[in-house]
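Colleague: Each chain, written out:
There are 2 protein chains.
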Amino acid sequence: MNESILGPFGLHIKQLRLKAGLSQEELAAKCGLDRTYISGIERGLRNVSIVNIFRIADALSLPPAKLLEFECESEHE
Amino acid sequence: MNESILGPFGLHIKQLRLKAGLSQEELAAKCGLDRTYISGIERGLRNVSIVNIFRIADALSLPPAKLLEFECESEHE
Numbered sequence: 001m002n003e004s005i006l007g008p009f010g011l012h013i014k015q016l017r018l019k020a021g022l023s024q025e026e027l028a029a030k031c032g033l034d035r036t037y038i039s040g041i042e043r044g045l046r047n048v049s050i051v052n053i054f055r056i057a058d059a060l061s062l063p064p065a066k067l068l069e070f071e072c073e074s075e076h077e
Numbered sequence: 101m102n103e104s105i106l107g108p109f110g111l112h113i114k115q116l117r118l119k120a121g122l123s124q125e126e127l128a129a130k131c132g133l134d135r136t137y138i139s140g141i142e143r144g145l146r147n148v149s150i151v152n153i154f155r156i157a158d159a160l161s162l163p164p165a166k167l168l169e170f171e172c173e174s175e176h177e
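Quick note, the sequences are listed as chains A and B, same order. Letter by letter, the first sequence follows residues 1 to 77 of my numbering. Letter by letter, the second sequence follows residues 101 to 177 of my numbering.
To be clear, the hints were calculated from the coordinates, so they are not data collected in a lab. Cβ atoms here follow ideal geometry from the backbone N, Cα and C, with glycine treated the same way. Take the hints with a grain of salt, since some may be wrong.
Unchecked claim - Partial list, computed: chain A residues near chain B (C-beta under 7 Å):
(1) I5
(2) S49
(3) I50
(4) V51
(5) P64
(6) L68
(7) E69
As the list claims (entries may be wrong) - Pairwise CB distance ranges, derived in the manner of DEER restraints:
(8) A/E25 / B/G121: 40 to 50 Å
(9) B/Q115 / A/S23: 35 to 45 Å
(10) A/K66 / B/S161: 19 to 29 Å
(11) B/T136 / A/N47: 18 to 28 Å
(12) B/T136 / A/A20: 34 to 44 Å
(13) A/G7 / B/K166: 16 to 26 Å
(14) B/A129 / A/A29: 40 to 50 Å
(15) B/E171 / A/S61: 15 to 25 Å
Unchecked claim - Lysine-lysine pairs mimicking DSBU-like chemistry, simulated, CA-CA at most 30 Å apart:
(16) B/K166 / A/K19
(17) A/K66 / B/K119
(18) B/K114 / A/K66
(19) B/K130 / B/K166
(20) B/K166 / B/K114
(21) A/K30 / A/K66
(22) B/K166 / A/K30
(23) B/K130 / B/K119
(24) B/K114 / B/K130
(25) A/K19 / A/K66
(26) A/K66 / A/K14
(27) B/K166 / A/K66
(28) B/K166 / A/K14
(29) A/K66 / B/K130
Extracted from the complex, chain A is given alone in its bound form (with noise of 0.2 Å):
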């Protein structure tokens, strides 16, 4: 596991920012983070700090905890 949950954890991103209707532009703007850098947790790439999980959940107005929750295979490398 490790570095493999970080694909898991930005498509559960992705799935979570566009039920809340937004665009990635539009969450960037909310969480006062670049689109680059959301482009980039959603592509698998960024290994995110606990300080900006926060900040997604808030501007998805979701419990931070929840941004947690997704399936991801722990056997992989």
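Got chain A sorted already, so can you dock chain B onto it with the hints?
Modeller: Structure of chain B alone, referenced to chain A:
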């Protein structure tokens, strides 16, 4: 909120570690992290990444989301 979550998060991790009956050294060894890093997290000095949140959750045998379930005063700056 934001940086102000690091203190409450650190206390929460400390409580979960103690509940698991682990010392900082033992938790660090299970996570593959340094003891001073765990100490820094517990003192609210570390903006932990999602990869390390998953490592710590794995070492504590808890769902990662559980690590983000703690009270914090979101009105603090």
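Colleague: Is the hint on A/V51 kept, meaning its closest Cβ partner in chain B is under 7 Å away?
Modeller: OK, holds: A/V51 within 7 Å of chain B, min 5 Å.
Colleague: Confirm or reject the claim that A/E25 and B/G121 have a C-beta distance inside 40 to 50 Å.
Modeller: Given about 47 Å between the Cβ atoms, the range holds.
Colleague: Would the hint linking B/K130 and B/K166 be met if the CA-CA limit is 30 Å?
Modeller: holds, 18 Å
Colleague: Just to be sure I understand the hint, the distance between the Cβ atoms of B/A129 and A/A29 should be within 40 to 50 Å; is that true here?
Modeller: For A/A29 against B/A129, whose Cβ atoms are near 42 Å apart, the range 40 to 50 Å holds.
Colleague: Should the hint that A/E69 touches chain B count as held when the rule is a Cβ pair under 7 Å?
Modeller: holds, 5 Å
Colleague: Does the Cβ-Cβ separation between B/Q115 and A/S23 fall within 35 to 45 Å?
Modeller: holds, 39 Å
Colleague: Can the restraint linking A/K66 and B/K130 be considered satisfied, given a maximum Cα separation of 30 Å?
Modeller: OK: A/K66 and B/K130 at ~25 Å, within 30 Å.
Colleague: Mind checking the CB of A/S49 against every CB in chain B and telling me if the closest is under 7 Å?
Modeller: holds, 4 Å
Colleague: Holds or violated: A/K66 and B/K119, Cα atoms, limit 30 Å.
Modeller: holds, 23 Å
Colleague: CA of A/K30 to CA of A/K66, is that 30 Å or under?
Modeller: Between A/K30 and A/K66 the Cα gap is close to 18 Å, so the pair holds against 30 Å.
Colleague: Please work out if B/K114 and B/K130 have their alpha carbons no farther apart than 30 Å.
Modeller: Since the Cα atoms of B/K114 and B/K130 sit roughly 15 Å apart, the hinted pair holds (cutoff 30 Å).
Colleague: Under the criterion that the straight-line Cα-Cα distance not exceed 30 Å, is the pair A/K19, A/K66 satisfied?
Modeller: holds, 13 Å
Every hint from the earlier list agrees with this structure, and none is contradicted.
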